[in-house]
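Okay, here's what each chain looks like letter by letter:
Number of protein chains: 2
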Amino acid sequence: MRGFTPNEFNARLSKAQILLQKSDLDCLLVTNEADFRYFTGFLTRFWESPTRPWFLLIFANYPPITIVPSIGVHLLKKTWSGEIRSWESPNVSDEGISLLQDILSEFLQKNGRVGLPSGPETLLRMPLVYFNQLRSSLDKLHFVSDCEIVKNLRLIKSESEVKKISQAAAIAGRAFSRINEVARSGVQLSKVFRDFQALCLDEGADWVSYLAGASEHGGYSDVISPAKDAPLVAGDVLMLDTGVVYDGYFCDYNRNFGVTEISNRLSSSWDRLQEATEAGKKMLIPGNTAKQVFFAMNAILQEGKKRKNSSGRLGHGLGMQLTEWPSFSKYDETILQVGMVVTLEPIIDIDDEKILVHEDNFLITANGPEQISPQCNPKIPVI
Amino acid sequence: MRGFTPNEFNARLSKAQILLQKSDLDCLLVTNEADFRYFTGFLTRFWESPTRPWFLLIFANYPPITIVPSIGVHLLKKTWSGEIRSWESPNVSDEGISLLQDILSEFLQKNGRVGLPSGPETLLRMPLVYFNQLRSSLDKLHFVSDCEIVKNLRLIKSESEVKKISQAAAIAGRAFSRINEVARSGVQLSKVFRDFQALCLDEGADWVSYLAGASEHGGYSDVISPAKDAPLVAGDVLMLDTGVVYDGYFCDYNRNFGVTEISNRLSSSWDRLQEATEAGKKMLIPGNTAKQVFFAMNAILQEGKKRKNSSGRLGHGLGMQLTEWPSFSKYDETILQVGMVVTLEPIIDIDDEKILVHEDNFLITANGPEQISPQCNPKIPVI
Chain A
1 MRGFTPNEFN ARLSKAQILL QKSDLDCLLV TNEADFRYFT GFLTRFWESP TRPWFLLIFA
61 NYPPITIVPS IGVHLLKKTW SGEIRSWESP NVSDEGISLL QDILSEFLQK NGRVGLPSGP
121 ETLLRMPLVY FNQLRSSLDK LHFVSDCEIV KNLRLIKSES EVKKISQAAA IAGRAFSRIN
181 EVARSGVQLS KVFRDFQALC LDEGADWVSY LAGASEHGGY SDVISPAKDA PLVAGDVLML
241 DTGVVYDGYF CDYNRNFGVT EISNRLSSSW DRLQEATEAG KKMLIPGNTA KQVFFAMNAI
301 LQEGKKRKNS SGRLGHGLGM QLTEWPSFSK YDETILQVGM VVTLEPIIDI DDEKILVHED
361 NFLITANGPE QISPQCNPKI PVI
Chain U
1 MRGFTPNEFN ARLSKAQILL QKSDLDCLLV TNEADFRYFT GFLTRFWESP TRPWFLLIFA
61 NYPPITIVPS IGVHLLKKTW SGEIRSWESP NVSDEGISLL QDILSEFLQK NGRVGLPSGP
121 ETLLRMPLVY FNQLRSSLDK LHFVSDCEIV KNLRLIKSES EVKKISQAAA IAGRAFSRIN
181 EVARSGVQLS KVFRDFQALC LDEGADWVSY LAGASEHGGY SDVISPAKDA PLVAGDVLML
241 DTGVVYDGYF CDYNRNFGVT EISNRLSSSW DRLQEATEAG KKMLIPGNTA KQVFFAMNAI
301 LQEGKKRKNS SGRLGHGLGM QLTEWPSFSK YDETILQVGM VVTLEPIIDI DDEKILVHED
361 NFLITANGPE QISPQCNPKI PVI
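In order, the protein sequences belong to chains A and U. Anchor point for the first sequence: position 283 equals 283 in this note's numbering, and the numbering is continuous, going up by one each time. Anchor point for the second sequence: position 111 equals 111 in this note's numbering, and the numbering is continuous, going up by one each time.
Honestly, the hints are just simulated from the structure, not real lab data. A quick note: this is a predicted structure, and the numbers were derived from the prediction, not measured. Errors might be hidden in some of the hints.
Same chains, same names: a pair is fine if it fits in one copy or spans any two.
Cut-off 20 Å, straight-line C-alpha distance, at most; resulting in silico cross-link-like pairs (DMTMM-like, lysine to aspartate or glutamate) [to be verified]:
(1) Lys281 <-> Glu8
(2) Lys15 <-> Asp351
(3) Lys15 <-> Asp229
(4) Lys78 <-> Glu278
(5) Lys77 <-> Glu275
(6) Lys110 <-> Glu303
(7) Lys78 <-> Asp352
(8) Lys191 <-> Glu203
(9) Lys140 <-> Glu83
(10) Lys291 <-> Asp351
(11) Lys281 <-> Glu303
(12) Lys291 <-> Asp94
(13) Lys228 <-> Asp247
(14) Lys191 <-> Asp202
(15) Lys163 <-> Glu8
(16) Lys330 <-> Asp229
(17) Lys77 <-> Glu278
(18) Lys330 <-> Asp94
(19) Lys78 <-> Glu333
(20) Lys228 <-> Glu203
(21) Lys379 <-> Asp349
(22) Lys354 <-> Glu88
(23) Lys22 <-> Asp271
(24) Lys78 <-> Glu353
(25) Lys140 <-> Asp24
(26) Lys151 <-> Asp24
(27) Lys163 <-> Asp94
Sequences are here, hints too, so could you generate the full structure?
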């Protein structure tokens with residue numbers, strides 16, 4: 001099924017309203033793509049255009065209101081039965097701001113508190129000049145943090161959300177299982193990237209929002225690079241890390257392949273990554289903290305040596321975005337809960353320059369982790 | 001050629017520094033993907049992850065400094081020879097903020113002025129809580145608008161930038177010319193979307209960041225929807241609007257196709273869109289304003305009636321982003337200059353519910369417009 005039932009959206013809204021009341025907030029102002037879609041179901045790639053701001057006001061004690069550019073009204077109505085106010089955008093002299101002002105003035109009393117997603121990994125998706133204008137024209141109100149209301153809601157995935165993430169992971173899995181069709185010694189890495197994305201589409205991806213990787217000898221230098229034109233060479237390790245999107249939800253995992261052969265060194269390092277993943281899995285228990293997962297994995301990866309760990313973490317949440325809270329880092333004290341979907345992403349140093357990374361996706365259940373990404377081969381496959 | 005010469009980056013930086021001095025600003029703080037890449041060459045899809053902030057400080061009187069998460073250092077060094085400071089991220093207790101504070105304290109005097117891109121279509125890509133922290137710890141400084149310095153630089157494309165946009169447009173053009181391979185009556189629109197993206201990749205796209213469209217009878221209801229699963233039906237008009245990316249640069253144009261046939265009404269509406277495009281082209285002359293282009297096109301589209309024009313404009317800039325300044329709207333007084341790359345995107349109302357849209361891409365030269373997107377057929381092609 002595409003989208004979500006009205007019941008699911010109602011539940012999200014009700015929970016937000018209860019949390020607003022608990023947090024002594026009168027209203028939540030939502031501006032970014034994932035948060036807006038979470039509450040409204042509005043799914044479009046049009047957010048790729050930075051021109052127009054989009055707003056959703058969730059009141060503690062009144063029905064919610066969206067304030068959107070006129071270009072979005074038709075699509076929004078398909079999933080949003082609440083009130084919609086709109087303006088003809090772009091209009092630099094008033095980009096929806098007077099509508100926002102009017103509504104906030106009407107519904108909120110003096111000293112009313114408007115919560116904005118403000119914490120780590122959040123974004124105010126509107127130009128600063130408009131935000132400053134809004135705040136100064138409404139100086140009777142307080143614009144404050146949303147007390148992580150949106151974060152805490154999105155952190156726990158519903159069954160329907162998990163299905164979509166699982167679907168994205170299955171699509172990528174079918175593409176990975178066809179890797180021999182697109183990758184071999186002599187083929188340009190840039191062509192492998194293009195063709196692998198086409199495989200993901202062929203297997204049912206709506207779009208492929210993320211693909212990074214490398215093909216290098218003895219491990220790779222980083223995991224965020226776009227493809228170079230240089231061809232795959234016998235002895236390389238090819239890594240593809242992909243974020244395939246299905247109905248607005250991501251998977252995020254990678255696979256490694258030996259080109260023609262795989263060295264014993266890389267092979268045993270990869271085994272170590274699997275051990276670290278197993279150690280991480282054992283810690284994916286409701287009640288544990290994110291940093292416990294990190295330390296369990298890191299103990300195996302570090303093995304007495306100081307690791308560089310340039311990525312700063314060994315996994316993270318995922319869902320409507322490629323990466324979400326929490327982080328499996330030494331700093332993150334988030335308590336794991338049933339319904340979180342996470343990646344385990346152990347990284348091992350091969351030498352001072354090169355690393356090897358493995359990544360899989362898991363759902364946290366009352367009985368521990370359930371793997372969402374397909375089981376990988378017991379050894380690095382050679383292509 | 002991939003990327004840009006060091007000379008081109010140096011020129012961008014020097015121009016920014018001159019504009020900083022003219023604007024009485026001491027420093028520019030850059031946080032978002034396109035702006036950061038414009039100055040550093042840092043090209044990665046990793047910005048898809050919202051976890052980590054990235055910073056670039058361009059000083060009026062000192063060499064620039066990047067402050068980036070450690071995961072980005074290796075890739076950044078490939079294109080950026082300037083100073084790099086980094087921290088192990090994610091780290092919610094200090095997400096690069098103390099580094100920013102130290103550097104700004106060191107280089108700026110009391111009452112120093114830090115410019116931030118703040119105007120229309122810009123974004124502060126960092127959590128508000130960190131921004132507030134930064135501002136309050138540096139209360140000797142003023143965080144102000146960048147006076148549109150970054151906008152004004154990015155508005156004018158270099159020859160190398162135009163080549164990349166042209167390459168993206170040519171790739172999409174080759175994909176459109178193969179439309180018969182993927183689209184015909186009876187095929188699900190969602191499959192057409194997947195297969196068309198695969199065609200773009202096959203023709204050389206690095207990735208396909210945008211595809212929207214529709215297949216409906218008698219015109220379509222909006223231009224921002226993702227694909228439905230319903231199949232193409234004889235008599236539909238199929239529209240695909242795509243933003244293909246080549247080396248970090250977008251094209252943004254669409255094509256319409258009649259499924260099996262095309263009605264006289266749609267055919268003549270489409271002719272009107274071509275007339276409007278021609279009228280717009282005639283106005284793409286350096287010295288004209290953006291709104292003059294709008295009015296020239298709108299006169300033809302409106303023809304005495306009031307148009308809905310739910311998109312609010314009839315074209316826009318493009319380049320590193322799918323849409324950039326200016327807007328061909330009745331409000332936009334931007335003066336057209338040599339080196340701007342724009343779309344003309346006339347929209348015509350078919351009836352109260354349905355519209356038809358055409359879009360092409362142009363470079364503004366001293367001699368008027370040069371079309372970047374391939375010439376379209378003289379009539380709507382039937383598939």
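Now for the hints, and whether the structure bears them out:
1. Lys281 <-> Glu8: Neither: 29 Å inside a chain and 48 Å across chains, both beyond 20 Å.
2. Lys15 <-> Asp351: For Lys15 and Asp351, the Cα distance exceeds 20 Å both inside one copy (49 Å) and across copies (41 Å).
3. Lys15 <-> Asp229: neither (49 Å within a copy, 32 Å between copies)
4. Lys78 <-> Glu278: neither (43 Å within a copy, 35 Å between copies)
5. Lys77 <-> Glu275: Classified as neither: same-chain Cα gap 49 Å, cross-chain 33 Å, threshold 20 Å.
6. Lys110 <-> Glu303: neither (59 Å within a copy, 49 Å between copies)
7. Lys78 <-> Asp352: Answer is between; shortest inter-copy Cα gap is 18 Å, intra-copy 53 Å.
8. Lys191 <-> Glu203: both (18 Å within a copy, 10 Å between copies)
9. Lys140 <-> Glu83: neither (25 Å within a copy, 44 Å between copies)
10. Lys291 <-> Asp351: This pair counts as neither: shortest intra-copy Cα distance 25 Å, inter-copy 59 Å.
11. Lys281 <-> Glu303: Classified as within: same-chain Cα gap 19 Å, cross-chain 66 Å, threshold 20 Å.
12. Lys291 <-> Asp94: between (45 Å within a copy, 17 Å between copies)
13. Lys228 <-> Asp247: between (30 Å within a copy, 11 Å between copies)
14. Lys191 <-> Asp202: Answer is both: 16 Å inside a copy and 9 Å across each meet the 20 Å cutoff.
15. Lys163 <-> Glu8: within (14 Å within a copy, 47 Å between copies)
16. Lys330 <-> Asp229: Intra 37 Å, inter 44 Å, cutoff 20 Å: neither.
17. Lys77 <-> Glu278: Cα proximity of Lys77 and Glu278: none, with 45 Å in one copy and 34 Å across.
18. Lys330 <-> Asp94: Between. Shortest inter-copy distance 13 Å satisfies the 20 Å Cα cut-off; intra-copy 45 Å does not.
19. Lys78 <-> Glu333: Classified as neither: same-chain Cα gap 39 Å, cross-chain 35 Å, threshold 20 Å.
20. Lys228 <-> Glu203: Close across copies (17 Å), not inside one copy (25 Å); limit 20 Å.
21. Lys379 <-> Asp349: within (19 Å within a copy, 59 Å between copies)
22. Lys354 <-> Glu88: Intra 52 Å, inter 18 Å, cutoff 20 Å: inter-copy only.
23. Lys22 <-> Asp271: For Lys22 and Asp271, the Cα distance exceeds 20 Å both inside one copy (48 Å) and across copies (59 Å).
24. Lys78 <-> Glu353: between (51 Å within a copy, 14 Å between copies)
25. Lys140 <-> Asp24: The answer is within: 16 Å in one copy meets 20 Å, while 33 Å across copies does not.
26. Lys151 <-> Asp24: Classified as within: same-chain Cα gap 17 Å, cross-chain 39 Å, threshold 20 Å.
27. Lys163 <-> Asp94: Close neither inside one copy (41 Å) nor across copies (35 Å); limit 20 Å.
When held up to the earlier numbered hints, the structure conflicts with 1, 2, 3, 4, 5, 6, 9, 10, 16, 17, 19, 23, 27 and fits the remainder.
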